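Visitor: In case you want the letters, here they are:
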Amino acid sequence: MPKKILTILFLLITTVALGQAQITGSVTDTKKQAIPGVSVALKDTYDGATTDSAGHFRIRTTEKGTFTLVASATGYETREQTITLGSQPILADFALKEKISELNAVTVTAGAFGGGMGKKGLTVLSSLDVQTTAGANADISRAVNTLPGAQQISNQEGLFVRGGDSYEAKQFIDGSLVNRPYYLSASNIPTRGRYPATLFKGFAFSTGGYSALYGQALSSVLIMETIDLPQQSEANAFLSPIQNSLGVQRLAKNGKSSFGFNYQYTNTSLYYALVKQTPDYFIRPRFHNADANFRIRTKNGMIKYYTTFSYNKLGVRTFNIDTVDMKNAITLSNYNWFNALNWKENLGDGWKMTLSASYSITHDSISSQLQDAHNVPQYTFEKYWLDTVNFRLDRRETLLQGKAVIEKKFSNLNTIRFGSEYWYAQYDFQYNSISKHLPDQLTAGFAETELYFTSSLVATIGVRAEYSSILQKAKVAPRASLAYRMGKGSTVSAAFGQFYQKPENNYLQVAPWLGYTKATHYIINYQRQVQGTFLRVEAFYKQYEDLIKTVPSYSNSGSGYAKGIELYFRDKTSFQHLDYSISYSYLDTKRDYLNYPTSLMPGIAANHTASASVKRFFTKIGTGASLTYTFATGRPYYAIIPDSTGHSYYIKDQGKTNGYQTLDLSIYHLTRMGKAAAIWYASATNLLGRTNIAGYNYSYNALVKQPILPPAQRTFFVGLILNWGIDRRQDAIDNL
Amino acid sequence: MKQIILAIALLASMGARAQSSKYVAAMQHNLQLLDSAKTTEDLAAVSQAFERIGDAEKTQWLPYYYAGLAQTRIGFADPKSDRDAIGQKANELAEKGEKIEKNAELCTIHNMAATLQMLVNPMERFKTFGIKAYTYLQEGYKLDPNNPRLYFLDGANTFGKPEYIGGGKEKAKPLFVKAEELFKTAKPAELYPHWGLAETERYLAKCN
Chain A
-9 MPKKILTILF LLITTVALGQ AQITGSVTDT KKQAIPGVSV ALKDTYDGAT
41 TDSAGHFRIR TTEKGTFTLV ASATGYETRE QTITLGSQPI LADFALKEKI
91 SELNAVTVTA GAFGGGMGKK GLTVLSSLDV QTTAGANADI SRAVNTLPGA
141 QQISNQEGLF VRGGDSYEAK QFIDGSLVNR PYYLSASNIP TRGRYPATLF
191 KGFAFSTGGY SALYGQALSS VLIMETIDLP QQSEANAFLS PIQNSLGVQR
241 LAKNGKSSFG FNYQYTNTSL YYALVKQTPD YFIRPRFHNA DANFRIRTKN
291 GMIKYYTTFS YNKLGVRTFN IDTVDMKNAI TLSNYNWFNA LNWKENLGDG
341 WKMTLSASYS ITHDSISSQL QDAHNVPQYT FEKYWLDTVN FRLDRRETLL
391 QGKAVIEKKF SNLNTIRFGS EYWYAQYDFQ YNSISKHLPD QLTAGFAETE
441 LYFTSSLVAT IGVRAEYSSI LQKAKVAPRA SLAYRMGKGS TVSAAFGQFY
491 QKPENNYLQV APWLGYTKAT HYIINYQRQV QGTFLRVEAF YKQYEDLIKT
541 VPSYSNSGSG YAKGIELYFR DKTSFQHLDY SISYSYLDTK RDYLNYPTSL
591 MPGIAANHTA SASVKRFFTK IGTGASLTYT FATGRPYYAI IPDSTGHSYY
641 IKDQGKTNGY QTLDLSIYHL TRMGKAAAIW YASATNLLGR TNIAGYNYSY
691 NALVKQPILP PAQRTFFVGL ILNWGIDRRQ DAIDNL
Chain W
2 MKQIILAIAL LASMGARAQS SKYVAAMQHN LQLLDSAKTT EDLAAVSQAF
52 ERIGDAEKTQ WLPYYYAGLA QTRIGFADPK SDRDAIGQKA NELAEKGEKI
102 EKNAELCTIH NMAATLQMLV NPMERFKTFG IKAYTYLQEG YKLDPNNPRL
152 YFLDGANTFG KPEYIGGGKE KAKPLFVKAE ELFKTAKPAE LYPHWGLAET
202 ERYLAKCN
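Note that the protein sequences, when read in sequence, are chains A and W. Under this note's numbering, the first sequence has 411 at position 421, and the numbering climbs by one with no breaks. Under this note's numbering, the second sequence has 188 at position 187, and the numbering climbs by one with no breaks.
If we strip away everything but chain A, and leave its shape as in the complex, we get (with noise of 0.2 Å):
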């Protein structure tokens, strides 16, 4: 019986042996190293088999004639080779080159975090991110002074990047410079950002070496890309005792338009009445802020815009330190309206547009008296230290602007990039009686090339001319970087680049004839990207060059150079859930500008920062946690004083703070309220209580210093946020 079987068996095997070619080979990258899962088909047949982990294919198949074999993975480019199968064995080997494509182009990372801006990798902070850093109370600014590079500056608002003075760092909305994204504050009072966190789809800050198509920023930028079509409408509401909000988000029927608007007003009465603060305040600050937006698709393409008003008040009396009981009052009032339109399509093989256009107005009006004990103003002075707290400014500023930037991507992926921009901006101020005009056009071209040599090495070349009618002179700023790929996710770039700023409004109101001022970047830079953790190491020099000097006159003859190492480290995955992050800058910085008498270490600069940060979520309470800690060394300051001569100055006291240190934590738990999805918030800032010195403030002969101290020691925060999406999976439960 088993030897029956056997027979049928063997005769069996034979006759479809016989009937059967075979085709083996293996599949190589152009590496020759073997690439497994590749599909290797018989065109036009079922037949075909899949490589194993040593590249090797096996294909038995019944067909006879001429056929193409088809080698396919994906990441590389498909092969055919025309085989023709008789009854002889086919030896088939392949070599698939890699393909270049958005999925695995090596890109530019030096000076850039979150480059792409979720095109791929990881965009390094979301609005998430900004949301649940604690200490940053979903303010962006104090959420990217997390990323390296950013100085712990407590007692002013701004990104202060490598050395550079916070007006070095500039930000855009949808491809439009905001000009003052900050809302108005006293001196040593921080204030917040205008801008909700969550417009926006995620945030990309560079620190360095930025492309051709940003000018006027000698430090930074911050790229802010606003959220396109919302998925579904949706209401929400935030409560707090500081600052409430509305807002609607609503999309048509047919999926291909939006619009929206928030309306947010911010009183710090009852938190100030609450929690103690040093200044006082004789209008405690108040903020609203009303935005619209509308979102349309376009053919292959989006139209968005974007428009909010917003308004501040604030009145704060802080002691006068050149007499025994005086004070400084002083009231500041700020409105704001800022639009801005952007228009991206495509047009069609490998070609892109993208417009936009912003106007933006921001009127500020600050009055200063010096009052006695009792808070009387008074007047009649013979010293002028004494004459100057009293006054009146009112500060007004236009900005529109035009840009439009033209895009070709070939199939290889190489791309040109080219267009222009027009700024007109204008600068209205009064000071007492003083009153200046400042109108001025700026006009720049930029062409800018991406040249893959290989999938792994790219080069960009860049070109930015600018010409500002009030300096009357042009600049040409070239800009280059080159990335290389050395294994997978790790890819070493650098970057040079030239960068042009004009001075700012109060130096050339004074001194019109003043010229740009420069810096020239170099970075390189080492980034390594696998499945959730990311690490990034950077070393850069700049180079500062025309800086504005106002003694002995105003000139463009201060210098300076800051050079450093910057280390990042974030890993969402290796834990789970549990996100962490740690960050470390070294930097060495002087310069030689404004009234120094010589090169100095400035003080907005701290020889080491560092911040360490956790987040982690507890599924099964719903509920998350964040604890981040900064430290950095202390910062230097100077009591810079004329001589008697009054022509120079020189140092008459100088020290360093006693360094920076924080630890904030911020709770949040997601519940359901009703038909909305709620968080609960609660953050604290500074829980170890301590005290940190941003510096010392002088008396006008330097014989007298006080301390500068946060308007208080710790900061809190309790909010709930309110969510209605407009959502149709009920429907679906409710027809059963």
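No lab work stands behind these hints, which were simulated from the structure alone. Bear in mind that the values here come from a model prediction, so they are computed numbers and not experimental data. The C-beta atom is built at its ideal place from N, Cα and C for all residues, glycine as well. Be a bit skeptical, because a hint or two may be false.
Said to hold, decoys possible - In silico lysine-lysine, DSSO-like type, Cα no more than 27 Å apart, as pairs: (1) K103(W) / K246(A); (2) K97(W) / K89(A); (3) K143(W) / K562(A); (4) K33(A) / K170(W); (5) K143(W) / K334(A); (6) K562(A) / K162(W); (7) K610(A) / K97(W); (8) K54(A) / K162(W); (9) K303(A) / K342(A); (10) K246(A) / K143(W); (11) K170(W) / K665(A); (12) K665(A) / K162(W).
To be verified - Label-pair distances were calculated between CB atoms; the ranges are: (13) G168(W) / P79(A): 31 to 39 Å; (14) G168(W) / V520(A): 26 to 34 Å; (15) F77(W) / F284(A): 36 to 44 Å.
As the list claims (entries may be wrong) - Only some residues are given here: those of chain A computed to face chain W with a beta carbon under 8 Å: (16) G27; (17) E70; (18) S116; (19) L472; (20) R662.
Given chain A, put chain W in place with the hints provided.
Guide: Then chain W, alone, in the frame of chain A:
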């Protein structure tokens, strides 16, 4: 037994669909491989085999459906797999199938692909891929309101979602009950998808 099934399959295929016996046999063979696949490599190989059948046939969407299904199974079984790449591949396969016929079964592939991509980072991706997964289910319901797999996936998506965002056992249970009921009366045509009852029952047990 298998031969009988094969014979029936062959007979059935001689009907309106005019499927070649070669097609049916190849599909049967690979369906067995799909059901018995144990490793990522097995699933990847069977996915490619289905894709080859689809490419050769040109008028059958089922091979692409199963090729996509095999991809999603890799993603769900292996948390270390590149779920973005798998989701994309599954979507491509479903789109190839949709060029031949748009139907609820292919919507389930898109749904699972979106769920996989959401799982890469649920906190951040819930608002994008989570809603995409939901949208594909709604599209599926429109095409076939009585597809049991849609209710099963709807239930599984709801089950996996925390209660504070509208998920949880209680909300998922009626969906599984409905799925079970539909599975029991469903009479899938030869080679058509039939999976899901066992999975539904497993979830139902967890809901009680």
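Visitor: So, for every hint listed, does it hold in this structure?
Guide: Structure-based check of each hint:
With a C-alpha separation of about 22 Å, the suggested pair K103(W) and K246(A) falls inside the 27 Å cut-off, and the hint holds. A distance of roughly 21 Å separates the Cα atoms of K97(W) and K89(A); the hinted pair therefore holds under the 27 Å criterion. Taking the CA atoms of K143(W) and K562(A), the gap is about 38 Å. The hint is violated against a cut of 27 Å. A distance of roughly 48 Å separates the Cα atoms of K33(A) and K170(W); the hinted pair therefore is violated under the 27 Å criterion.
In summary, the hint linking K143(W) to K334(A) is not supported, as the alpha carbons are separated by about 33 Å, beyond the 27 Å threshold. The suggested pairing of K562(A) with K162(W) holds, with an alpha-carbon distance near 20 Å, which does not exceed 27 Å. For the suggested pair K610(A) and K97(W), the alpha carbons sit about 40 Å apart, so the restraint of at most 27 Å is broken. Of the pairs offered as hints, the one joining K54(A) and K162(W) is violated, with about 54 Å between alpha carbons and a cut-off of 27 Å exceeded.
Using a Cα cut-off of 27 Å, the hinted pair K303(A) and K342(A) is violated, with the two alpha carbons roughly 43 Å apart. A hinted pair counts as satisfied when its Cα atoms are at most 27 Å apart, and K246(A) with K143(W) qualifies at roughly 20 Å. Under the criterion of a C-alpha separation no larger than 27 Å, the hint pairing K170(W) with K665(A) is consistent with the structure, at around 18 Å. As the CA atoms of K665(A) and K162(W) are separated by approximately 16 Å, the hinted pair is consistent with the 27 Å bound.
Our hint of 31 to 39 Å for G168(W) and P79(A) is violated, since their Cβ atoms are close to 56 Å apart. Our hint of 26 to 34 Å for G168(W) and V520(A) holds, since their Cβ atoms are close to 31 Å apart. One distance hint, 36 to 44 Å for the beta-carbon pair F77(W) and F284(A), holds here, with the actual separation near 40 Å. Because the beta carbon of G27(A) sits about 6 Å from the nearest beta carbon in chain W, less than 8 Å, this interface hint is met.
Checking E70(A) against chain W: minimum C-beta separation of about 13 Å lies over 8 Å; hint violated. Taking 8 Å as the C-beta contact cut-off toward chain W, the hint placing S116(A) at the interface holds, the least distance being around 6 Å. Interface hint at L472(A): violated, since its Cβ lies 27 Å from the closest Cβ of chain W, which is beyond the 8 Å cut-off. Hint status for R662(A): holds, given a least beta-carbon distance of 5 Å to chain W, under 8 Å.
Of the numbered hints given earlier, the model fails hints 3, 4, 5, 7, 8, 9, 13, 17, 19; all others are met.
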